[in-house]
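Work the whole structure out from these sequences, hints included.
Same order as they appear, the protein sequences are chains A and B.
All the letters of the first sequence, read from the start, carry residue numbers 1 to 136 under my numbering.
All the letters of the second sequence, read from the start, carry residue numbers 137 to 254 under my numbering.
In short, the hints are calculated from the structure, not lab data.
There may be inaccurate statements among the hints.
To be verified - Where chain B lies over chain A, by a calculated footprint (3+ residues, C-beta under 8 Å):
| hint | segment |
| --- | --- |
| 1 | 23 to 34 |
| 2 | 37 to 43 |
| 3 | 47 to 56 |
| 4 | 69 to 79 |
| 5 | 101 to 110 |
| 6 | 116 to 124 |
Stated by the list, open to error - Pairwise CB distance ranges (calculated):
| hint | chain 1 | residue 1 | chain 2 | residue 2 | range |
| --- | --- | --- | --- | --- | --- |
| 7 | A | L126 | B | G223 | 38 to 46 Å |
| 8 | B | L176 | A | D6 | 39 to 47 Å |
| 9 | A | I15 | B | S140 | 20 to 28 Å |
Treat the numbers as computed from the prediction; the structure is a model and nothing was measured.
Every residue, glycine too, gets a C-beta built ideally from N, C-alpha and C.
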Amino acid sequence: MSAQTDKRKPYLRPIRGWWKRDSYYIRYLAMEATSILIALYALILLFGLLRLGQGEAAFNGWLETLRSPLSVGLHSLLLLVFAYHSYSWFKVMPKTLPAIYWRGAKLPQPMITRIGVAAAVTINLLVIVVLAGMQS
Amino acid sequence: MKRSNEPVFWALFGAGGMLSALTGVALVFVTGIGVPLALLLSPELMSYPNMLAFAQHWFGKLVIFSVIALFLWHATLRILLLLHDFGIRAGPASALIGNGLALLCTLAAAYLLLALGF
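Laid out in C-alpha cells, this is it:
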C-alpha cells in the first residue's frame, strides 16, 4: 500500500474479473470480506453505547431493535462470518509468523492452526458459559 | 528514507483480528441472539442498570473500548485492501478516509465511555 511517487501516469494492468480465475482467490476474498461485517458489528455496539449514554428509554429502544427478526437474522449471519474469520485467521497465522521450534523440531503449520482454533473454541465457550451462569 | 506509519496500522489490524478471532463468536451470540431471544442467557444480563454499571467500571470500559476500536481498525485495513483489489488503489485519499473514519469512531467510543463516568 505504498503511494505512487513518480509523477508520470502509471500503467495499470486491467484487473477486472481476476478473482474468478482460481477458487483460492474466492476463498481469499471471502476472508477479506468478513471485515465488512465485522465493521458493521462494531458500529452496532458503538450505537448501543451511544444509546446507553442517552438514558434508560433510549437504551431499551436499542435492546428492542435487537429483538427484531431482522436483527436476529443479521446476527445469525454475523455468527457465521465471525466463525469463518476465526478459522481463516488461524489458517493464515502460521504463514505470517516466524518459524516456531518445539523440542528441536519446527512446529508444523497445521499444528499452529489447530492450536489457534482450539484456543478460539475454548475462549468463546468459556465466555458464553460464564455469562450463562450469571442468571441474576 | 521516510519513516513509514504502516506498522502502527498493521499492529492494530493484528490486535483486532486476534481479539475478534478469540471472542467474536461469543460476543455476537451474547448481544445479538442469546440475550434478545433469552436463549441460554438471561435478558437481565444486558438490562439498562447492568450495562450502565458495566460501562462505568474501568474494566467494563476497557472491554467495550477494545472491542469497538480494535474490531474497527482491523476491519478498516482489510476493507482498504479489498478496495485495492477491486481497482480503488491504495493512496493518501482512500487511506485518509478509511483511517479517518476509524479514528473518528475510536474517539467517539472513548468520549461516550468517559461521559458515562466512573
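Hints and how they fare:
1. Counting residues of the segment 23 to 34 of chain A whose CB falls under 8 Å from any CB of chain B gives 4; the rule of at least 3 is met.
2. Beta-carbon proximity to chain B at under 8 Å applies to 5 residues in the segment 37 to 43 of chain A; the threshold of 3 is reached and the given coverage holds.
3. As drawn, the segment 47 to 56 of chain A meets chain B at 6 residues by the rule of a beta-carbon pair under 8 Å; at three or more, the given contact holds.
4. For the segment 69 to 79 of chain A, the proposed coverage by chain B is satisfied: 7 residues have a C-beta within less than 8 Å of a C-beta in that chain, meeting the threshold of three.
5. Figure legend: the segment 101 to 110 of chain A, annotated as covered by chain B; annotation inconsistent (0 residues with Cβ-Cβ distances under 8 Å, at least 3 required).
6. A stretch counts as covered by a chain when three or more of its residues have a beta carbon under 8 Å from one of that chain; for the segment 116 to 124 of chain A and chain B the count is 5, and the coverage holds.
7. At about 43 Å, the CB distance of L126 (chain A) to G223 (chain B) agrees with the hint of 38 to 46 Å.
8. Between L176 (chain B) and D6 (chain A) the beta carbons are some 58 Å apart, a value that contradicts the proposed interval 39 to 47 Å.
9. Taking the beta carbon of each, I15 (chain A) and S140 (chain B) are about 25 Å apart, inside 20 to 28 Å as hinted.
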